[in-house]
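Since the structure of chain V is already known, use the hints to place chain R on it.
There are 2 protein chains.
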Amino acid sequence: MWILRLNMSDLSYRLEEVPAKYQHLGGRGLTSTIVHDEVPPLCHPLGPNNKLVFAPGIVTGTVAPTSARVSVGAKSPLTGGIKESNAGTSWAQHVANMQIKAIVVEGQAKGYHLAHLTWDAKAGKPKVEFMPANEYAGKDLYEIFPKLYAKFGNKVSIAGTGNAGEFGYGNSGVVFNDMAGRPSRYSGRGGMGAVMASRGLKFIVADPAGAPGVVLKDKALFDEGRKKLIDALRAHDITKPKGGLNTYGTAVLINILNEAGGLPTRNFSSGRFEGAAKIAGEAIFEGNKQRLGKELYNHACSPGCIIQCSNTWHKPDGTEHVSCVEYESDWSLGANCGIDSLDDIAELVRLCNAYGLDTIETGTTLAVAMEAGVIKFGDGKGAINLVHEMGKGTPMGRLLGGGTAFAGKAFGLTRVPTVKGQSMPAYEPRAIKGIGITYATTTMGADHTAGYTIAPEILGVSGKVDPLSPEGKAALSRAFQATTAFIDSTGHCLFIAFAILDIASGFEGMMEECNGVLGTNWKSEDAAKLGAEILKIERAFNEAAGIGKEADRMPEFMKYEPLPPHNVVWDVPDSALDSVFGEM
Amino acid sequence: MWILRLNMSDLSYRLEEVPAKYQHLGGRGLTSTIVHDEVPPLCHPLGPNNKLVFAPGIVTGTVAPTSARVSVGAKSPLTGGIKESNAGTSWAQHVANMQIKAIVVEGQAKGYHLAHLTWDAKAGKPKVEFMPANEYAGKDLYEIFPKLYAKFGNKVSIAGTGNAGEFGYGNSGVVFNDMAGRPSRYSGRGGMGAVMASRGLKFIVADPAGAPGVVLKDKALFDEGRKKLIDALRAHDITKPKGGLNTYGTAVLINILNEAGGLPTRNFSSGRFEGAAKIAGEAIFEGNKQRLGKELYNHACSPGCIIQCSNTWHKPDGTEHVSCVEYESDWSLGANCGIDSLDDIAELVRLCNAYGLDTIETGTTLAVAMEAGVIKFGDGKGAINLVHEMGKGTPMGRLLGGGTAFAGKAFGLTRVPTVKGQSMPAYEPRAIKGIGITYATTTMGADHTAGYTIAPEILGVSGKVDPLSPEGKAALSRAFQATTAFIDSTGHCLFIAFAILDIASGFEGMMEECNGVLGTNWKSEDAAKLGAEILKIERAFNEAAGIGKEADRMPEFMKYEPLPPHNVVWDVPDSALDSVFGEM
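As given, the protein sequences belong to chains V and R, one line each in that order. The opening position of the first sequence corresponds to residue 885 in my numbering, with each subsequent residue numbered one higher. The opening position of the second sequence corresponds to residue 885 in my numbering, with each subsequent residue numbered one higher.
FYI, nobody ran anything at the bench for these hints, they're computed from the structure. Just so you know, not all the hints are guaranteed correct.
Any copy, or any two copies together, can satisfy a pair, since identical chains are not distinguished.
What the hints assert, rightly or not - As a list, the in silico BS3-like pairs of lysine-lysine whose alpha-carbon atoms are at most 27 Å apart: (1) K1276 / K1260; (2) K1433 / K1413; (3) K1124 / K1260; (4) K1443 / K994; (5) K1260 / K994; (6) K1348 / K1126; (7) K1433 / K1420; (8) K1035 / K994; (9) K1031 / K1126; (10) K1348 / K1101; (11) K1199 / K1031; (12) K1276 / K1199.
All figures in this text were calculated on a predicted structure; none of them were measured in a lab.
Just chain V, with the same shape it has in the complex (with noise of 0.2 Å):
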């Protein structure tokens, strides 16, 4: 195994072996410790010294179910601290298969450049070729994908960076290709697509031919883990084969978080949207069933899971319009811009993937510039039309790829729900409090895939609690964010928590499958602490960086302003929001 070195500064590349500190890191945890360990935390994210580091995790590259995660972590010009933003996509296994552990690109090229990864056979190690991509720069990934398969051909995968990250937005993903080729998966938080672009790096394209593929210290342990596992996500009703996930996606999401009152309507200034039905998951399933004639259940982002949640949005004509409309994407787009046409909402997903953009940070940012009166609630052509300002780096689209924090500070308004920097997804923190204390103290900016604590407040997985009150929060949100670093690391879509929470020989499993491939020993209640480790690496970062506790604070107006249609207010005490690390 190896870290792959990318030096910019001049087109050359090393390989080194794995210190021994690293092997049994994978995934977040190998990210978050590399940024720890070489980037300085008070550098400018897209100045020399800041590092952008890929890694697959731990049994990327396996057959394990639903493990084709790539982390990408580096010092996030969105939040200023550390960040880790996974994807699921072929190209994280044709890396892992090269016995590649971490990528790291450092330094900085003048222009853009593209690394042809491919496996030297006869040297037995992984190559790299550098090209001149400028010619990439400032077009759409939708046009420059199918030109890349056409000369790399169409088994390689790719990661690259859009517009959003070439103008340096602090909201600009890395994407990377789908199963189609389509440019849809996204490490999309935290401005990772303008670290990457400020080193000159446009695309990474992995081509797998003649890998060897990923080493297993122990096959047998790893085969009954991954039985296990894959026995656990096909019986759990959420993750099954035409369970929810499969039928109507992640948005299956938008009728139950309506329903609790707990999704964020027209910037955060109400917890029900009268348009809900018209957006939710249920909708996008009948909507493709009316336009095709037929039932379309969803597919795979990469190879290998079971659970198959990426659906695909057709025109009236039954042609494609885009893939994948997620929950988070339907919600920023939909019901915090007070916007109930699907057609809008999947143009929006769509122009989000061609330019690089964050779907969350992208719709959270057009409801502030509604808010300031830019255009109306509910106007999607007008945001179409400012999603496109984005990608072409006019005065109003900087302002906006700043981010939803730096758009309300643009337009002097307090009604900006983000955590350090990072813009709240798709679940009310008022009236979903353990979330809030996820969004309020992970080392990430809001984020709610940090500790999904919407499992037990909403879904009924893993136990259930009142979502309303604070009791107890704090030890759900830090067990719940402890656990989710660890999946984050194993390589594994953090989907199979719904699964393993509840069945407790699939988590089992995912812990077999672990040992098998590291040899290791660990047990299900190591994962929390595993996890623990790789926050309090996170939070060290972020401690020299100068986010300390008192950036684990909610935006105050969720303190005076009530929500409907619960109407409360953000009521955790700081106490209980210090107590998340202070007690880890």
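Chain R alone, transformed into the frame defined by chain V:
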């Protein structure tokens, strides 16, 4: 003496007796203490819980020389920390003469209002009348001020906010009248204009008629001190009539700093500007002489000033263009933008006054826009157009109105000369280390007035030290910062420091003036102790706002980008920076 509270939420006011703990405070000491005591450190600067505090200095309103200063304090929308920004204006004296020690503006009104502050002779106390002021919103302050004088009489004085404040810009000052009724004296730094506008307060018009004046506890002592201070001011080369400041204005520094290689040029890419002589104080003096046919010495910004450093620039036809072209404005809008036309610089200053912008932050922001390629360095007409955009609130204007750090982020730049979100003024810290330590460590964000080590490093005032050496500079900055915090509390203009640091009896005189007003028994050596107490209070606020020692750092590019002509980088160790407050 009273604390006057303006409650904008219900347009009421309240006069409170001054609490014992505030009795001996004034100016910065009082604004910072009230902000510390009453403003939640994590509140939104433009939200309902921030407060705007005005406080004349301890001796303001008396006949103490050069003492018509008012401090304006709040949580800053630019830095996120505590802010004190002071100005010289008759308004300070009028308020002091009504025996008001501080005005605390609280709550938020709908729409804009003005507060008409008069002396109620019958009741023997100040009186406030609120009036609608929406008619003044969105307008040039040069148009509005004459209307206010027409309405309230030409004896009144005015505090207000312009378009920049209404837009909520981080770059928005609080404007005051000068002696000719121009809207030209500014508490410019840190977005105090936006804090005022966000309260719904557009102007405070003060009518001094009948006001009883400041009570002196010991008139003889006061008079004695006053005489000593006057003698010192009249004796020192920098402050005496027809001395450096009275002849050439503060812009006398242009040639001096250029010669020292410390005049930041073209967005801090050089320490020397080839056009320096064309924009220097000497050029202003000669230009006026040519256009007026006679020598013009400078005037006072406010009554009772001996130094009289405010210039006026005239058009080719001899009519007034603008007053005043301060060194900082001349530099920021001139050298730092590569602009060498005094007519263009004067127009830029005029526009800043008209729109309510800080000239320093505006020039450094324009330079960042030039660096980003929006317009070219040296393009005066282009710069004028951009300031109009700021004044009109276009998308480009809002992007620039957020300030230099904000614009730098919008353009994805790394060469952004700011600390704690506030732009550096006219002294290159790589070439003059002591001032860099002040920039890095002051509670205010980069600010030369917070600890003006330029005095010994460049001007040979209070000793002479090598500007390029970091040796002993932390102690030097600490001493200057502490003494400055006290002088900013007395109500004297900081320029008295030139005289009193060299002439010990002048320093004694300043202390005796204060003792004469307050009945205290302070000695010269108490000044730094009293100042240090203020700094500690400010520091405590900032730490609670999440601004700790990690924020006491210079921008990273200064560490790796050598500055011509000396080709020096920022090489002051972090430990020296930490020692400024660590050893206070």
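Hint check:
| no. | hint | result |
| --- | --- | --- |
| 1 | K1276 / K1260 | both (22 Å within a copy, 21 Å between copies) |
| 2 | K1433 / K1413 | within (22 Å within a copy, 31 Å between copies) |
| 3 | K1124 / K1260 | neither (40 Å within a copy, 60 Å between copies) |
| 4 | K1443 / K994 | between (47 Å within a copy, 21 Å between copies) |
| 5 | K1260 / K994 | between (41 Å within a copy, 21 Å between copies) |
| 6 | K1348 / K1126 | within (24 Å within a copy, 81 Å between copies) |
| 7 | K1433 / K1420 | both (13 Å within a copy, 20 Å between copies) |
| 8 | K1035 / K994 | within (23 Å within a copy, 61 Å between copies) |
| 9 | K1031 / K1126 | neither (35 Å within a copy, 73 Å between copies) |
| 10 | K1348 / K1101 | neither (38 Å within a copy, 70 Å between copies) |
| 11 | K1199 / K1031 | within (25 Å within a copy, 60 Å between copies) |
| 12 | K1276 / K1199 | within (25 Å within a copy, 41 Å between copies) |
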